[in-house]
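*Asks:* Following the hints, position chain B against chain A.
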Amino acid sequence: MTTQNIIEISGVEKRFGTFTAVRDLNLTLKEGEFFSLLGPSGCGKTTALRMIAGFQDHDAGTICIGGQDMAHIPANKRPTNMVFQSYAIFPHLNVGDNVAFGLRKLKLGKAETDARVAEALEMVELGGLQSRKATELSGGQRQRVALARALVMRPKVLLLDEPLSALDKNLREAMQFEMRRLQQKLGITFVMVTHDQYEAMTMSDRIGVMFKGQLKQVDKPEVLYARPCSQEVAAFIGGMNFLDAAVTREVNGKLHADVQGFGPLSIDVNPNVARRGPQLLAGIRPEQLEISAQKPDGYDGYLQGTVTNAAFYGENVHYHVTAGGLPQPIAVSVPNYFHTVDHKQGDPVWLGVQNASVIDLGAREA
Amino acid sequence: MSNPASEPLNTPLNAAVSKPRRRPIRFPWLLTYAIGYLIFLYLPVLLLPLFSFNDGTIVAFPMKGFTLKWYAQLGEQDTLLQAMVNSLIVGAVTALVATSLGLFAARAYVRYRFKGRELSEGLVMLPLVIPGIIVASSMLVLFISLGLKPSLTTVILGHVFVALPFAVSIMKSAFDDFDQSLEEAAFDLGESVIGTFRRVTLPIVAPGIVASLLVTFTVSFDEFVLAFFLSGNQPTLPVYIWSQIRFPAKLPNTLALGSLLLLASVLLLLTAEYFRRRSAKSA
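Line order of the protein sequences matches chains A and B.
Position in the first sequence counted from 1, then plus 426, gives you the numbering used here.
Position in the second sequence counted from 1, then plus 100, gives you the numbering used here.
Bound conformation, chain A alone:
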């Protein structure tokens, strides 16, 4: 079975005066996909979402939803619905009337409207709360009402603008799983805007990373993490040690390079890399490094250094290790097995790394 493309965006641009908020946006989303637009604030991700919703016109390019060109089609005529960052729960209406707001326009009759409202509230686990006042809802409940109000319209695409940013940490994590479960059950395409990398990674089928109005990389979370296309994407998602490397030769998709501190290593060529330069930038994730008091066996590269910082994070322990000739300390993250911090500040340690753990990031960025 082939899945249909539900959203096709090509060459879309949005300018505010002289400022270009979104430039040359190209993106194709499949039906039933959970897609996240991830980026720092001001990168244009919300503008992109609002263009899909129809709250903002695009200055160039085309946006097609369900095969239909959306040019000059206002938000109230598009097959999309939105969950707002503030949730925008109508304060003068109760929960049931909030959820039924869009259905009233469809003139379905009271019985069907009530049935669909009840079903939608059931779906977000607020069954039976129809008569609750909007002003009496908790943050999490408001979020659920906003979801139900949008989903009850059975949109082709549900748009979510930072849907969890107003919730506290525990609630946010619970809602991440719940929203993912709901999306998989309904099979509706979700497009979410977020600045939270963990939120994007735990919920999405694919993530698009945006910087300064440009979509830099679109990939599955695992690929984005393992093969980021550039230094800025690598720095935005997870922790990363950046090391300069001098390439000596390239053989069969392997770069033989002298990596700062670790010596000669063989690095897989990263097909996602956007920009090449004379110098190579190598990346190593903190959890991919072995740290040990004695030289560990079986690694491809080693570095001897001193612990300058040790921090206990609960599920893991973070170390900073400095060594001569390195501009900044190497971050190492070790899972917590025995509730101990094995290396103290000032301890001499060995770091070991496998070839496969070193990521080719192309050219260093200024």
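You may find that some hints are simply not true.
What the hints assert, rightly or not - Partial chain B-side listing against chain A, Cβ under 10 Å, derived: (1) Leu-282; (2) Glu-284; (3) Gly-290; (4) Thr-296; (5) Pro-303.
What the hints contain is simulated information worked out from the structure, not anything from laboratory work.
Computed from a predicted model, the values in this text were never measured in an experiment.
Cβ atoms here follow ideal geometry from the backbone N, Cα and C, with glycine treated the same way.
*Replies:* Only chain B this time, still in chain A's reference frame:
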């Protein structure tokens, strides 16, 4: 063993403890000023209801005795009742027109950033500081040159002008805390622009609208200068009261009428304030 380091710390402490005992009882200047100020502001206003119950036509102490006859006589005076009806018509129409205009203007001022916004806002607020006599005489000249005879219509036009700043500022405070995404959410759920205004914007700012209606009505109802110039032979209540002051025998009636108006104004403004606060809270 004495600790020399503790001494500088102890001295001010001791001084602070002994100070209240030595402080002289001072004359409460601020309180006296405040009370004097309030008496100055409100005593004349309080004399009005007081003498409206006085059984005599001369406004002077000692008072003659208590009576309600001045109030009872009010209902028998046809010209007074006609002036009252005129004032109610002018007030109601002014309130409706000024509040409608104020609603749209305030939404634009709060919601949109456009060229000339500040200038336009300043111009709308200007009637608050222009002397009424200037406005009244220039409006009279303008209306006559346009062929509009002084009537209730011209009074309404003048009153809308002076009531608009009140309507705009009340409606602005109603829109200030209004989350714009509420309107977007309604539009996103398939509602039209007009439907969004009717189903979301209006109900949420409704308390502000009620407050604005009440305040603009009161402004119009109490206004004298413009009405005096523009009403022609259809006097409003304040204009009628002014015309009656010339007759000493009618003075107690005027006092009674004035007292009733005072009471009505205070009640209206209190209601308006209640609604204004409710609108600020619900948004």
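*Asks:* If a hint holds in the structure, say so; if it doesn't, say that too.
*Replies:* Results of checking the hints against the structure:
1. Checking B:Leu-282 against chain A by beta carbon gives a least distance of about 5 Å; that is within 10 Å, so the hint holds.
2. For the restraint placing B:Glu-284 at the interface with chain A, the shortest Cβ-Cβ distance is roughly 6 Å, inside the 10 Å limit, so the hint holds.
3. Because the beta carbon of B:Gly-290 sits about 5 Å from the nearest beta carbon in chain A, less than 10 Å, this interface hint is met.
4. Contact between B:Thr-296 and chain A, as hinted, is supported at the beta carbon level, the nearest pair being about 8 Å apart and thus within 10 Å.
5. This hint holds: B:Pro-303 has a C-beta 5 Å from the nearest C-beta of chain A, less than the 10 Å allowed.
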